[in-house]
Amino acid sequence: MSKRIVIDPVTRIEGHLRIDCEVDGGKVQKAWSSGQMFRGIETILLGRDPRDAWMFTQRFCGVCTTVHAIASVRAVENALNLEIPINAQYIRNLIVMAHAMHDHIVHFYHLSALDWVDVVSALKADPAKASALAESLSAWPGNSRRELQAVQDKIKGFVEAGQLGIFTNGYWGHPAMKLPPEVNLLAVAHYLQALEYQRKVNQIVAILGGKTPNIQNLAVGGVANAINLDNESTLNMNKLYMVKDILDEMSAFIEQVYFVDVCAIAAMYPEWLDYGAGVTNYLAVPDLPLDTKGTKFDLPGGTIFNGDLATIREIKSFDDPYFKDNVTESIARSWYDGDWTKHPFEEDTVPKYTKFDDSKKYSWVKAPRFEGKVMQVGPLAQVLAGYALGHEPTKRWANKALETAGSLARMKLTPAVLHSTLGRHAARMIRTCVISETAKKHWQLLAENIGKGDTAIFNEPVFPKGEQRGFGFHEAPRGTLSHWIVIRDGKIANYQAVVPSTWNAGPRDEKNQPGPYEASLVGNPVANPELPLEVLRTIHSFDPCLACAVHTLDPEGREIARVKAL
Amino acid sequence: MDLTFVRVIGLGNVLMGDDAAGPWVIEELLAGWVFPENVAILDVGTPGLDLTPYLANAQTVIVVDTVAAPDASPGEIRFYSRETLMATPWKPRLSPHDPGLSEALLALTLAGSEPDDVLLVGIVPGAIATGIGLTPAVRDAIPKAAREVLRFLELRGVSPIPRPNAFVSPWWEAGAGSDQRQNS
Chain U
1 MSKRIVIDPV
11 TRIEGHLRID
21 CEVDGGKVQK
31 AWSSGQMFRG
41 IETILLGRDP
51 RDAWMFTQRF
61 CGVCTTVHAI
71 ASVRAVENAL
81 NLEIPINAQY
91 IRNLIVMAHA
101 MHDHIVHFYH
111 LSALDWVDVV
121 SALKADPAKA
131 SALAESLSAW
141 PGNSRRELQA
151 VQDKIKGFVE
161 AGQLGIFTNG
171 YWGHPAMKLP
181 PEVNLLAVAH
191 YLQALEYQRK
201 VNQIVAILGG
211 KTPNIQNLAV
221 GGVANAINLD
231 NESTLNMNKL
241 YMVKDILDEM
251 SAFIEQVYFV
261 DVCAIAAMYP
271 EWLDYGAGVT
281 NYLAVPDLPL
291 DTKGTKFDLP
301 GGTIFNGDLA
311 TIREIKSFDD
321 PYFKDNVTES
331 IARSWYDGDW
341 TKHPFEEDTV
351 PKYTKFDDSK
361 KYSWVKAPRF
371 EGKVMQVGPL
381 AQVLAGYALG
391 HEPTKRWANK
401 ALETAGSLAR
411 MKLTPAVLHS
421 TLGRHAARMI
431 RTCVISETAK
441 KHWQLLAENI
451 GKGDTAIFNE
461 PVFPKGEQRG
471 FGFHEAPRGT
481 LSHWIVIRDG
491 KIANYQAVVP
501 STWNAGPRDE
511 KNQPGPYEAS
521 LVGNPVANPE
531 LPLEVLRTIH
541 SFDPCLACAV
551 HTLDPEGREI
561 ARVKAL
Chain G
1001 MDLTFVRVIG
1011 LGNVLMGDDA
1021 AGPWVIEELL
1031 AGWVFPENVA
1041 ILDVGTPGLD
1051 LTPYLANAQT
1061 VIVVDTVAAP
1071 DASPGEIRFY
1081 SRETLMATPW
1091 KPRLSPHDPG
1101 LSEALLALTL
1111 AGSEPDDVLL
1121 VGIVPGAIAT
1131 GIGLTPAVRD
1141 AIPKAAREVL
1151 RFLELRGVSP
1161 IPRPNAFVSP
1171 WWEAGAGSDQ
1181 RQNS
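Protein chains in written order, with this note's numbering: chain U, 1 to 566; chain G, 1001 to 1184.
The following block holds chain U by itself, in its conformation from the complex (with noise of 0.2 Å):
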């Protein structure tokens, strides 16, 4: 008999994301992603100035700031047809390459890595065994015997003081946790130092862009960045050597840790090479533009149909009609009034809500889609579009961590294994690897074309009468995002944003297609519905970020989520 399963977490103002699934068999059959708030954020931005966009949107997430900041910035540059100076890019580039790195750090170690890790098993390991495993895995200074007996003394305390209650998942002892104690001590411990690194990467976000989580240094025409290398509160050769130096100590814990314990994971849980593929059409779009219009990037971007790489095709500019063309939003199963499916310059967003019903409308989300097709988008559509045009080094170390994966579990290990649950999280690994690296080509050219003599950062722009239409995209930790502006004589008459977590959390559409989290569910196991651990480790994959519109602290600790079996 099938049984539902409602992850719903209540919040005082409506939740965010829940998810229904049908489970028969010990499997997920049929699954329903919902977003649960109405964002329309979009609306605030109606009449103002093009130029303050980026302020307000980048306040649409608390997490995701700057992405939408230099989307925004990108769209009305786009529209006004305004490129902007190299030394902008470079410095564009390099906050973004801060943010995600950072952004991928905590998503793994302090997002997810609970789905996988029993902290409470730590206490079994025996720290010399711990130490001496890592220790033939990696050059890391941090997997010690003494560091990890002091890292386990600490989880001992905090369990016999009966702290660690808020900090779980819920899921210890879980059938489907499966890593020996000695894993889960290292694991532990990373997550620990992981804190330092996030936080260390934060400040090239906080020297380059004046201020974390909220940039201050953006403008529509490039940076505010005054360049002055003699003075103190310019951008400067002291902090440039600054920012050099973070990224150094940046991709050692990237390479010797994060790359690791990613691959041991991927080892030691093959079955969820198996499980969670859902859509296999990709989108990705390029990014770190090296010209000052945005023809040459550094990152490539473009679509896979049906999972097979030899379909790609590329995306090759700001401008390239292909995606401009290409993209639709549709409402036919969204709380919005009308089931139409349309162009985003050509939408609007008038909500109406109606009751959950999965047969009709059943989210605030609305189904985007590339060519009338559903498509998964993140760091999986990032690498693996990377990999089918041939960017060396993202078939460098997605090719490496095959490698690695595979020698710790004794098996023949091909890109084929990343279209799953962990190919997601070894995606985001393999993608933070490859942007470390290339941060560090980016300072370098930075650096070379400031020591030319060259310290432009901003075209100013002029808006005619009139109308013009632009959007912007940039490719974010969490997949592809796209700004679109109506501009008209000078002020926003329409915006709208297409977010990654709508590609991918997005309801089904006019076809009854399913959307990539819906699809990616069907045929997980679920061991337990009480505890369905399963499905937020499929879900957790995605990285999904549909919470952070609202904030309110409930101190007072009422109920505010529930998972329920029916």
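Since the hints were made in silico from the structure, they are not lab data.
A virtual CB, placed ideally from N, CA and C, is assigned to each residue, including glycine.
Watch out, some of these pointers could steer you wrong.
Label-pair ranges, simulated between beta-carbon atoms [as the list claims (entries may be wrong)]:
id, chain 1, residue 1, chain 2, residue 2, range
1, U, F345, G, A1127, 30 to 36 Å
2, G, G1112, U, G372, 39 to 45 Å
3, U, A527, G, P1143, 21 to 27 Å
4, U, E196, G, P1070, 37 to 43 Å
5, U, N228, G, P1143, 55 to 61 Å
6, U, R488, G, S1169, 24 to 30 Å
7, G, P1070, U, S233, 47 to 53 Å
8, G, G1157, U, D348, 52 to 58 Å
9, G, E1037, U, R4, 55 to 61 Å
10, U, V350, G, S1169, 39 to 45 Å
11, G, A1127, U, D339, 27 to 33 Å
Use these hints to put chain G onto chain U, whose structure you have.
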């Protein structure tokens, strides 16, 4: 490295009505007083667990945010100690970016870089929905909450200097169609 040892952190989304209360208090403090160099007054938005860098290695952290309090009326101000915050029951996270103050504190405590002293100044919101602007009760609570923050700072030996003719005008409040551009 942020070497400030006292930090006042405003949390909330400025585009969501009364959820802007935390950032508003930060604007109020920055507009009205000059703080010593080792004191940071920060609007950090809604960072979820990304809050940890702003809490790490500080001596004193005062967090200002909207709070859900079942028996309170809008604009009411409530105080919460670290102990109360840490006792909040666990909730499963589907989207991993839910508010994470207690998780961030616990993670930092395990890592040994937690602040010594933590206080939450909570403001009970009236309406939280897409749009800019506070409800009157919450708008009235802003200067009161700022004064409470100052009182706690005084107790810890921090004495900011009042600015003459202070006028608070957050950038996000400038209306659509206005020519007033606020940048950096």
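Hints, verified against the model:
1. A hinted range of 30 to 36 Å for the beta carbons of F345 (chain U) and A1127 (chain G) is consistent with their spacing of about 32 Å.
2. G1112 (chain G) and G372 (chain U) have their C-beta atoms about 53 Å apart, which leaves the hinted 39 to 45 Å range violated.
3. Restraint check, A527 (chain U) to P1143 (chain G): a C-beta distance of roughly 54 Å breaks the suggested window 21 to 27 Å.
4. At roughly 38 Å, the beta carbons of E196 (chain U) and P1070 (chain G) sit within the given window of 37 to 43 Å.
5. Roughly 40 Å separates the CB atoms of N228 (chain U) and P1143 (chain G), a value that falls outside the hinted 55 to 61 Å.
6. Taken as a hint, the range 24 to 30 Å holds for the pair R488 (chain U) and S1169 (chain G), whose Cβ atoms sit roughly 28 Å apart.
7. Our hint of 47 to 53 Å for P1070 (chain G) and S233 (chain U) holds, since their Cβ atoms are close to 49 Å apart.
8. Distance hint check for G1157 (chain G) and D348 (chain U): the Cβ-Cβ separation is about 55 Å, which falls inside the suggested range of 52 to 58 Å.
9. A hinted range of 55 to 61 Å for the beta carbons of E1037 (chain G) and R4 (chain U) is consistent with their spacing of about 58 Å.
10. Restraint check, V350 (chain U) to S1169 (chain G): a C-beta distance of roughly 32 Å breaks the suggested window 39 to 45 Å.
11. At about 30 Å, the beta-carbon gap between A1127 (chain G) and D339 (chain U) stays in the expected band of 27 to 33 Å.
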